[in-house]
Every structure is written in C-alpha cells, then in structure tokens.
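Peer 1: For reference, the chains in residue letters:
Number of protein chains: 2
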Amino acid sequence: MLEAKWHAALAQWQIVLGSHSVIADPAQLAAVETATFFTHQKVTAILRPASREQVQTCLRIATRFQVPVYPRSSGKNWGYGSGVPTQTNCAILDLSRMNRILECNEKLAYVTVEPGVTQRQLYDFLTTQKSNLWMDATGSSPDTSLIGNTMERGFGHTPHGDHFAQSCGLEVVLPTGDVIETGYRRFPQSVTGPLYRWGVGPFLDGLFSQSNFGVVTSMTIWLMPAPAHFEAFLFRCDHQAQLGPLIEVLSRLRLAGTIQSAVHIGNDYKVLSSLQQYPWDLTQGKTPLLPAQMDAIRARLQFGAWNGSGGLYGTKAQVAAARREIRRALAGKVTRLRFLDDRMLALSLKFAKPIKLLSGWDLSKTVALLQPLYGLLKGIPTDRVLPSVFWRKTGPVPADIDPDQARCGLLWYAPIVPATSSDIDRIRHLTVDTLLAAGFEPMISLTMITGRAIACVISISYDRDIDGEDERALACYRTLAESVTALGYNSYRLGIQSMEEMGSSEGYLDLLAKIKSAVDPAGILAPGRYEFRKGSHASAS
Amino acid sequence: MLEAKWHAALAQWQIVLGSHSVIADPAQLAAVETATFFTHQKVTAILRPASREQVQTCLRIATRFQVPVYPRSSGKNWGYGSGVPTQTNCAILDLSRMNRILECNEKLAYVTVEPGVTQRQLYDFLTTQKSNLWMDATGSSPDTSLIGNTMERGFGHTPHGDHFAQSCGLEVVLPTGDVIETGYRRFPQSVTGPLYRWGVGPFLDGLFSQSNFGVVTSMTIWLMPAPAHFEAFLFRCDHQAQLGPLIEVLSRLRLAGTIQSAVHIGNDYKVLSSLQQYPWDLTQGKTPLLPAQMDAIRARLQFGAWNGSGGLYGTKAQVAAARREIRRALAGKVTRLRFLDDRMLALSLKFAKPIKLLSGWDLSKTVALLQPLYGLLKGIPTDRVLPSVFWRKTGPVPADIDPDQARCGLLWYAPIVPATSSDIDRIRHLTVDTLLAAGFEPMISLTMITGRAIACVISISYDRDIDGEDERALACYRTLAESVTALGYNSYRLGIQSMEEMGSSEGYLDLLAKIKSAVDPAGILAPGRYEFRKGSHASAS
Chain A
7 MLEAKWHAAL AQWQIVLGSH SVIADPAQLA AVETATFFTH QKVTAILRPA
57 SREQVQTCLR IATRFQVPVY PRSSGKNWGY GSGVPTQTNC AILDLSRMNR
107 ILECNEKLAY VTVEPGVTQR QLYDFLTTQK SNLWMDATGS SPDTSLIGNT
157 MERGFGHTPH GDHFAQSCGL EVVLPTGDVI ETGYRRFPQS VTGPLYRWGV
207 GPFLDGLFSQ SNFGVVTSMT IWLMPAPAHF EAFLFRCDHQ AQLGPLIEVL
257 SRLRLAGTIQ SAVHIGNDYK VLSSLQQYPW DLTQGKTPLL PAQMDAIRAR
307 LQFGAWNGSG GLYGTKAQVA AARREIRRAL AGKVTRLRFL DDRMLALSLK
357 FAKPIKLLSG WDLSKTVALL QPLYGLLKGI PTDRVLPSVF WRKTGPVPAD
407 IDPDQARCGL LWYAPIVPAT SSDIDRIRHL TVDTLLAAGF EPMISLTMIT
457 GRAIACVISI SYDRDIDGED ERALACYRTL AESVTALGYN SYRLGIQSME
507 EMGSSEGYLD LLAKIKSAVD PAGILAPGRY EFRKGSHASA S
Chain B
7 MLEAKWHAAL AQWQIVLGSH SVIADPAQLA AVETATFFTH QKVTAILRPA
57 SREQVQTCLR IATRFQVPVY PRSSGKNWGY GSGVPTQTNC AILDLSRMNR
107 ILECNEKLAY VTVEPGVTQR QLYDFLTTQK SNLWMDATGS SPDTSLIGNT
157 MERGFGHTPH GDHFAQSCGL EVVLPTGDVI ETGYRRFPQS VTGPLYRWGV
207 GPFLDGLFSQ SNFGVVTSMT IWLMPAPAHF EAFLFRCDHQ AQLGPLIEVL
257 SRLRLAGTIQ SAVHIGNDYK VLSSLQQYPW DLTQGKTPLL PAQMDAIRAR
307 LQFGAWNGSG GLYGTKAQVA AARREIRRAL AGKVTRLRFL DDRMLALSLK
357 FAKPIKLLSG WDLSKTVALL QPLYGLLKGI PTDRVLPSVF WRKTGPVPAD
407 IDPDQARCGL LWYAPIVPAT SSDIDRIRHL TVDTLLAAGF EPMISLTMIT
457 GRAIACVISI SYDRDIDGED ERALACYRTL AESVTALGYN SYRLGIQSME
507 EMGSSEGYLD LLAKIKSAVD PAGILAPGRY EFRKGSHASA S
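For the protein sequence lines, the chains are A and B, in the order given.
Here the working numbering is used: the first residue of the first sequence is 7, the next is one more, and so on.
Here the working numbering is used: the first residue of the second sequence is 7, the next is one more, and so on.
Keep in mind the hints are simulated off the structure, nothing from the lab.
Hints may be right or wrong, so weigh each one.
[Claimed, not checked] If you want a taste of the chain A side facing chain B, the calculated C-beta under 8 Å gives, among others:
no.: 1; residue: H26
no.: 2; residue: L114
no.: 3; residue: R192
no.: 4; residue: W204
no.: 5; residue: L213
no.: 6; residue: Q216
no.: 7; residue: A262
no.: 8; residue: G263
no.: 9; residue: R330
no.: 10; residue: V438
no.: 11; residue: L500
[As the list claims (entries may be wrong)] The calculated label-pair distances, taken between Cβ atoms and stated as ranges, are:
no.: 12; chain 1: B; residue 1: A492; chain 2: A; residue 2: L343; range: 50 to 60 Å
no.: 13; chain 1: B; residue 1: A10; chain 2: A; residue 2: A492; range: 49 to 59 Å
no.: 14; chain 1: B; residue 1: D347; chain 2: A; residue 2: T341; range: 31 to 41 Å
[Stated by the list, open to error] Just so you have them, the derived chain A footprint on chain B, three or more residues with Cβ under 8 Å:
no.: 15; segment: 99-106
no.: 16; segment: 179-187
no.: 17; segment: 323-329
no.: 18; segment: 452-461
no.: 19; segment: 491-500
Built from N, CA and C at the ideal position, the CB exists for glycine as well.
Go ahead and model the full structure; you've got the sequences and the hints to work with.
Peer 2: Below, the structure is given as structure tokens:
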C-alpha cells in the first residue's frame, strides 16, 4: 500500500509528464527491480521526463512530498546493480528520453550530450557526419549512457579512456529543482564553456560524480581527432609470474608517455569467458573450473595466462618509434608480442577462410575475438564482450541480451592497485584463492588507467537460477572486498550492495553529509547512493 | 582600535603558537598589506603556524571569536594581489613554516608536500636526491609555493603544466578546524592515496581550488620521469597577422598529441620586458611605447611580433618524429623555427664570447633569454623572468627583487580564449587597443593549455610611484575585463581586486553560498575570496 504522499506525488507527476510517462505497471516495475545479483529494493514508479524542465519539476514535486527519486540514464550499470535504486521504495527517474546530441564541434573536438545518449548513438552520429573525431568506448553494451558512465568515472581504451577527465561543463538539476551549470558554462555569454574544465572559482564537477547531489542533464565530452596512423599492440604471458615484472615495464612506458592510452590485460579465465560459455562437458558439470583445467584449455586455444592490448596513435613515424620502444621494453617480459594495423586486420579477415581450408587452422575465432578489442582501441563500441555474462548459464546465449532478465549472475569488484609488481601479485593471489575457494572462476581484467594506478575489475560470474548462488556470490564478494581493503586497496566504483565501502572517514563523510543537507534538505535524491556511515543506512544484505 | 573579540583571539593564538609566531608589529603588517597595485585592506596580525594541528587550533579560535583569517603560502601571488587579503581586517595565516617534503616516490613519480614548499625547494631536493624525476615550474619566482599555485590552478611549461590536473590526495583543514582528506587518502590503511585522483564517492579536490572553503595543509604532486631525450622548439612570427593561423596549427598538433606540453607564445612587448626596462631614452621619457617604435626595436634586437616555445619529450626517435611533424606543420606559418637540445645549448654558451670577439654579434643576450626559457620546459624554476616587473621603473633592477616593496605596478588579467584564429585575433586587437589607449604597453603571453583553450596573460605593468598610475591601471584593467567578458571569454583566475568577475550565475553561486555556510558557519575563512554577488561584498575600488 502506497502512503498518501506517494499518491499525491504520482498525481502531480502525471499532470506534468502525462500519464504515459509515469509508469506503475507491476511487470515493468518488476523489470527495473532486477539486477545481475540479489536485490530487495522495490520501485514505486518510473518517471520518464523528456526535458531538463521536466526533470526540474519532477524533483520539485519529490521535494515537496518528500518521496525519494533515483535517476538512471540507460540502467545498464551491470555488475554494479543495473538500474536498481540503492534504497527501497524510490521512484525511478528514467532519463533515456533525453537523448539529444546538442552540439558537435569538429574543429575543437567535442560533443555536448544529454544523459540518454548512448555509445552507439554517438558512434553512429559521428559516422553519419563523416566526422574525423574518435570517441572513447567502454567494453560494455553499446546501449549504455555516456553521461551515466562518465559520472560513475568509468573508463575505456583510447587516450581519452578516463572519461571523467575528458568531460567539461555540466548542467545539473539539484534535488530542489534548481539548475546549476559548471565551469564557464555558467556565464550566459561564455564561448569557452565546452573548452576549459576548471572555469573560475571552485571546480564543482567532481561533486556530481559518484554522488547523490544532482541529476546531470547535459555535459560536454572531449573527443580525439582520428590519428594519421593507428596500431594496436597485443601481447600475452604464458606464465602467471610474468605479470608483476610486466606491469612495472608498462608503468614506465606509460609514465614516459610512450603509451598514451589505457592498457588492458585480461587473465585466462577472463579471456575464456569472452570466447565461450562454461565448459560443462569438460568438467562433467562440476564447478569451479580449476587452474589445471584452465591451463589445458589455454594451451589448446592458444592464449596466455595474461593477455593484453593497447593502442598507438600518431603519425606513421611516431607510431613506428613507439613500436620500437615497446618491442625493446617488452622483450623477455612477454611470451608473445605483435602489432596490428587496419591493413593487417583486413588481410586476416580476408584469409581466415582460405587458411582454414588449406591448413585446418581456424583463424576466424581469433579474429572474432580480436576485432572488437581492436575496435575498442579506436573507440568503436561493441556488443561482442557482452555474451560473457552468460558464462555459467547452461542454455545458449540469446540474440537479444538482457542480463538482468536472463538471470545472469554478475558482481563486479573493482579496486585500484598501485602499478608495482608486489601489489599486483598480492591482489592476484588473493583473488584467485578467494574466488576458487568460494567456487567461482577468478576472472580478472587489469586496466592501467595511469602509469601509477591499475583498475582491477574482478567478475564474480554465476547463474542466478541455481539455488543459493546469489548468497554465495555476495558472500564471496564481501570476503574478497574485506581482505583487499585490508591490504590498502579501495574500490574505484561501488555497486548498490556495497556502499559500506565508502568507509567511516570522519571528515570526508561529515562534509558530504553537510553538502547533502544543503543541496537536498528533504533527502529525496538517490538516498544511500555513495553515502554510508555505520548504522545510518542499511545495506542490501 | 581593535575590537574586544580580536584581543581575545590574539591572546588565544599567542598561547597556541607562542608570541613570536603572532606578529602585530606595524612595519611587518604594512609589508603584507602591500601588493603590486592599490589595495586598501588592513591586516590585523600575522599567524605563523608550524603544523596542521596549529592550523586547526588557529581556525577554531577564529571561528570561536568570529574573526576572519586569510591563508597565504608564500604570499607571492604577484599581479593578483600578492598575499593581501580580499577583505580588510583579516589575520593572515602564513603557512610558510610548514615546508616539509613529506614523501618522495621515485618509482611511481610523486612527492607529497606542505604549503610552504617552494619551487626552488623541490627542485633542490630532487637535484640533491639525484632523482630522475622532473617537476613542473611556473615562470614566477622560484620562491613561490607549489600548493599555492596549484590551488590557484596555475600552469607551467612541461607536459605536467596544468598543475591542478597533476595533483592528488589533499589534506584540508576546514574553517571549523576539522580535517578532511580527499581521494583514497581518507582511508587510514590506503596505499593508493597518492596514486589515483578520484578516490571513491564524490571527488572533492575541486572544492578547495580557487575557493575559501578550507586550508590545504598537504598534497601530492605527480612528477614526470626525465625523458630519454628532450628538445625545445622555438619559433617566431614577424607579422602580427601570422598569429591566428599559427594558433590553429598548434591546436591541431596539441589535439593530435604531437605536442604534449603547453606552448607559450609571447608578443614583442612581453619579450622586450624580459630583456630590459622601458626604453626611456628612445622615447624621450614618453609612454606608452608605440607599435612603430616597438617594430624598430624588435627588428634591431631580432625577435618576432610573436615568439613561442614548446618542448618535445621522449626517446630520440620519438622526438625526431615529433620534430619532423612540427617542422612540416609550421612551414610557412612562422618566420623562423628552430630546435634546441642540451648539446646545442651548451655549444651556444661556450661560443657566445668568441663569436662576439670575431663577429661583433652578441649572442650572450639571446642565450641569457633562452636559457631560463629552455629550463622552464624542463621544469627548472628561474628568477630571470622576474625583473620584468621593473619594466616601467626608472631606477635599476635591484639584486633582491621584491615587487611589492619596490612599488612595481603589475596587474595580470588572464582570460581563457578558444584556440581559433578568429578568437585570438579578437582578443589581440582588443588588448592592444585598450592598453595603448590607456597609456600602457600591451604585453601578452599566450599559453596553449590544451588543444582547445588558450590562457592569455595580459600584464598591465607600471610604476606605482607615479601619481595617478594606480588608478589609471585599475581603470584600464576594468575596461579591458568588461569588453573581453562581453566577447564571451572569462578569467581563469582572479586577483583580489576583481572578484566581481565571479559573476552573477544564480545556481552556481547559490550552491557556493550553501557550501560556504555548511563548512564555515562563522564565515571566518578568506571572506570575499572567489565569492561575489552584486551588493554582498564591496570590491576594492
């Protein structure tokens, strides 16, 4: 039974948005209450504003009736809670109808977008415009929101991989319904709003990333001009112990500017999950897939214990100089290293079939894996990584992928680790031991975000249809998070089930609480999101 | 006559700091009340805390007795108000005694410092340590504070030129005396505090840059490993009209990553001011120096209407590739372009004297100008730029430079302008016309901070000992600022006399006011600094 204040708010929202944009249909609500792990939160309604003005009115109504509202852009925050609110009994503020690309400046290399604009939409837009600009993309679905990912401080693969660092000039609706603009954008006559991040006076953009202080309704994203030449470098290590020394070399290359983009390195489990589902036959239905079994598989499928990729961007001569430098630095550190450009990739694609006919060696699988990875280094979104969430499902992967509704189990845990051999070894051992002991495969991807720091994305992948797996996966997450945090590594981003990782740092959390009261006196915006103090908010478990 | 609350606060401060660290001597107060332009602000006392704890206590006392306090690190914010408070009747919180380098990590390339640490101190430290790390330096005095400059979002010349972007993990004392730490530093057990900027949850560092929300008591600065090879490129344009097209080429090179550092370009007036004082003889004592006279001087002294420099960092091959690309791109765009490395510079120094003897051509002056510029591209602080503040003084430049006490007149106005030909032409014409009409030389330096945005630093340089010049200079500043703002360009940084440029943007300023009330209920920290609303604060004029 809804309380009276909800009835009043819903009636007001319907007047503002029209009744078709205030959804209370139980089936649709159930869908948005579902993530890739256990959630208990109920959703009261879905609001679908079409404009910033409607967002303002929605929040004013929420403030007036003191009912909580939880914004989502595309709701595809898989592994971190999808679009499910942190707290129960919120109305979802679905921003996906606000999907305009407001401006594109080819010369100064930026676009200004609304929260509903997806990776695919921007990529298609640039292609249609015959733009010379490259975007950055994450490996997640092409249908994820650019603003959503940026405000979660997500990352991709190109030199613009740190999304938040390449954003500029926010328009934000505060919980009270007031609008603020950041940077120079706040000056009505300004022409530099999209060009210079800091503006004048306090730089406030950071307040609206990983927070519940406001709803970002538009933002500028800096793009990169297509380089004259592009080459990918791909490497693998056949031995686990190669990883540590390799990380140190890559750190040096990144600090020196030879490598200007993120370097991604996935372990064998991670790679296998993007090639196929769990090998039920081989393991006679048992889980987890043991290291010895994994070793055999990768020897057969020809990938490494660790498999990495990065991009080189510049003129032909610049790329060649970087290539030589990388070849020299990685010599003896990796089992195999190769470089790939558009021409070589096209040749591989062309000759995959003939080679199979002649030699029996099936290149097509390698190329199928390679092509999306290669594309990501050029900022081309892909849906080829996505099927990996079906890893533990016994049925086939459907054509239309919806991990939430398909009951795929996925928890992502993503601590930042120093780019040193000893730190990387520490997290590697801990992860492998913890996940295998809990019955899950230790899938690890490492992203060297800067020369100093590596984002470890650890997937706990499971089948939600198996009794008790939700609980086991969450318990495994908590065990891992606790021991990793004790080592001194913290998450770069939190799932809705793990807000207690915000910790108990007095000063910082007190300041957040003060800012929250100042901008959201009624406490109606995304309560519990990136705010936690012991005893104040119950977490999901 | 001090009010009773001041007597009470001073007594308390003396107990905490010792009486030698609470200065009320009129001569010393008069010194810190002096900037490089007219100021009316009186200073009540100077507090000299030696530790974070003492800063906390000082602020608690200030809050308790409701007396305003104004922090300064080195007080050398010349051209923007030196160390003079924005508002009258503040106690200065002088942080220069907190000058420890708390940590230096050679492998992961950073230092953690206190606010009293100067450019010179860090440079000497790195040299003594035989460190392989390079810092970034501004062209201002070697004795300026690193934290002070970073929090003002100042910039230098290397790939780490955007200082705020290369900072991480702040420790901040809030006006109430509470301490907060930002990023992962807030977690007591964290090892990644100095390595990853964003931490988890809202990113708050921006709140403490260009604000009056807290006193930064320590901060990590990311450094760059010395590159295998370094080369400077130096260019000049003999015609004013070359600037616009040149800017567009440089923007493309910067966006493409060929140029990875700031490019600095100074006009003829700017260059002349760093070579000599005003040519009183030539002009028969008249001011300003007219464009025709300037043309003659630069033809004689062999510099351009615009003179630029930038650095190339990498392996020899990488630098060579970048050099070829720059040579190709700048061909026909500049009058002269040359590249310089350590070996060539050493040769020039060695042969300057013999060449003069043989040819009569005095290279030493060119090299004298070149050397500090070249050094700045390698992050070496210099005191050679400083004498330019004596431009309009009639006496000689003293050995020990103190622009405030020497009554050098200097106002800096620094708007950000889009990196396009038309924008740069617009600001160039407006600046030249406005300054010459007001009787000042239009000294302009352009720093291409990113491929999209150029920081124009315009100096109004004068002699404070001449009657009426203070007023004329300030009037010129205001005329210029008004017309530039009307064109859509805004300052990147404000002097204490120009806080009204914070503008009247409703949402943003309201939010600032709310945060200010939340962190500083007594309003005791740097009142008026980067806060302005019409009618609320009287500005200096």
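Peer 1: Going through the numbered hints above, which ones does this structure break? Give me the numbers in ascending order.
Peer 2: 1, 10 and 15
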